[in-house]
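Generate coordinates for the entire structure from the input sequences, incorporating the hints supplied.
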Amino acid sequence: MTNKEKLKLIEETLELEADSLNEETNLEDIPKYDSMARLTLIVLCDDEFGKLLSGEQIKKFVKVKDILDFMG
Amino acid sequence: MKAGNLKVKQFVNHEFTSNTFLLTEERESWGWLIDIGASDCIRYLTGKKTEIKGVFLTHSHFDHILELNSLLDLFPDFAVYVSESGKEGLYSEKINLSFYHETPFIFKGSNVIISGGKDQIEITDDLFLNVIETPGHNPGCLTYSAGKFLFTGDSYIPGKEVVTKLKGGNIQESKTSLSIIRNMIKPETLICPGHGRIATGKELSE
Chain D
1 MTNKEKLKLI
11 EETLELEADS
21 LNEETNLEDI
31 PKYDSMARLT
41 LIVLCDDEFG
51 KLLSGEQIKK
61 FVKVKDILDF
71 MG
Chain H
1001 MKAGNLKVKQ
1011 FVNHEFTSNT
1021 FLLTEERESW
1031 GWLIDIGASD
1041 CIRYLTGKKT
1051 EIKGVFLTHS
1061 HFDHILELNS
1071 LLDLFPDFAV
1081 YVSESGKEGL
1091 YSEKINLSFY
1101 HETPFIFKGS
1111 NVIISGGKDQ
1121 IEITDDLFLN
1131 VIETPGHNPG
1141 CLTYSAGKFL
1151 FTGDSYIPGK
1161 EVVTKLKGGN
1171 IQESKTSLSI
1181 IRNMIKPETL
1191 ICPGHGRIAT
1201 GKELSE
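Protein sequence lines, in the order shown, are assigned to chains D and H.
Take 1 as the starting number for the first sequence in the numbering used here and just add one per residue.
Take 1001 as the starting number for the second sequence in the numbering used here and just add one per residue.
Don't read these hints as lab results, they were simulated from the structure.
DSBU-like cross-link-like pairs, simulated, lysine-lysine; straight-line CA separation at most 35 Å: (1) H:LYS1094 - D:LYS51; (2) H:LYS1108 - D:LYS51; (3) H:LYS1009 - H:LYS1053; (4) H:LYS1160 - D:LYS6; (5) H:LYS1053 - H:LYS1175; (6) H:LYS1009 - H:LYS1108; (7) H:LYS1094 - D:LYS4.
Covered stretches of chain H (in silico footprint by chain D; criterion: 3 or more residues with CB under 8 Å from a CB of chain D, positions within the stretch not fixed): (8) 1089-1103; (9) 1164-1173.
With beta-carbon atoms standing in for the labels, derived distance ranges: (10) D:GLU48 - H:ILE1114: 25 to 33 Å; (11) D:LYS51 - H:LYS1007: 47 to 55 Å; (12) D:LEU52 - H:ARG1043: 31 to 39 Å; (13) D:GLU24 - H:PHE1128: 52 to 60 Å; (14) H:ASN1170 - D:ALA18: 13 to 21 Å; (15) H:GLU1051 - D:GLY72: 51 to 59 Å; (16) D:ASP29 - H:THR1017: 20 to 28 Å; (17) H:SER1205 - D:GLU15: 22 to 30 Å; (18) H:MET1001 - D:LYS8: 45 to 53 Å; (19) D:LYS63 - H:PHE1128: 49 to 57 Å; (20) D:SER35 - H:ILE1198: 20 to 28 Å; (21) H:LEU1074 - D:LYS59: 29 to 37 Å; (22) H:ILE1113 - D:ASP29: 41 to 49 Å; (23) D:LYS60 - H:PRO1187: 44 to 52 Å.
Because the structure is a prediction, the values reported are computed rather than measured.
Think of the CB as a built atom: it goes at the ideal place given N, C-alpha and C, for glycine as much as any other residue.
Following this line, the structure appears as structure tokens:
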């Protein structure tokens, strides 16, 4: 999966507008990036990429790129 | 809180803020529960003579079911009422999301009754609890009405947007469900949501 496809997946998962994210977007700047949003991303990483992301790990992520890198 | 012959006590899970409601009568000889995520409710029931007859689940996300097994220790025969889709969450730590919170939870009991729209369950003499299907937050979400009380789970939390981002969530279904719920609310209705305080229909219309 390309980074563009992963970005699209994240946007859909977080119910954001298409093309609203890029690798350098700060997670803090994403509207409603709360515990529920983090939980949806944790589930996404498991479902789509088979990777288990812990709550502690995701809290340390700063940019969208950190999620993309984790997805691999 | 009391309305007619029905008394409702609220308990809160302090970590996840999810509500558990005990439906009972003045002397608390019997009781039904709406969700069971709050350990304070288990503590309250321990040593009391209240006979819990069953639990009505609004949906099976972990924060609403976490204490089901503790309840089983106290009342081995109680029945769990849940939607067909919600039943899957009782037996899957990934579907109920507890897996992702490092506290995996799976229900040990088997007395599960599938509940769906328009079902009516008599909770005491001539007082029925009505089941309304309100998918959106989750495909298996149910809302319950009993007397003046309306238990909306996470399908409607006054002042909050419905969360539809989680797996199985559907924003369009949520809008339809919200419309159904709002149509049921009268000024005297007591809305008991899945999180937050009990609100009256009157205050919501102001």
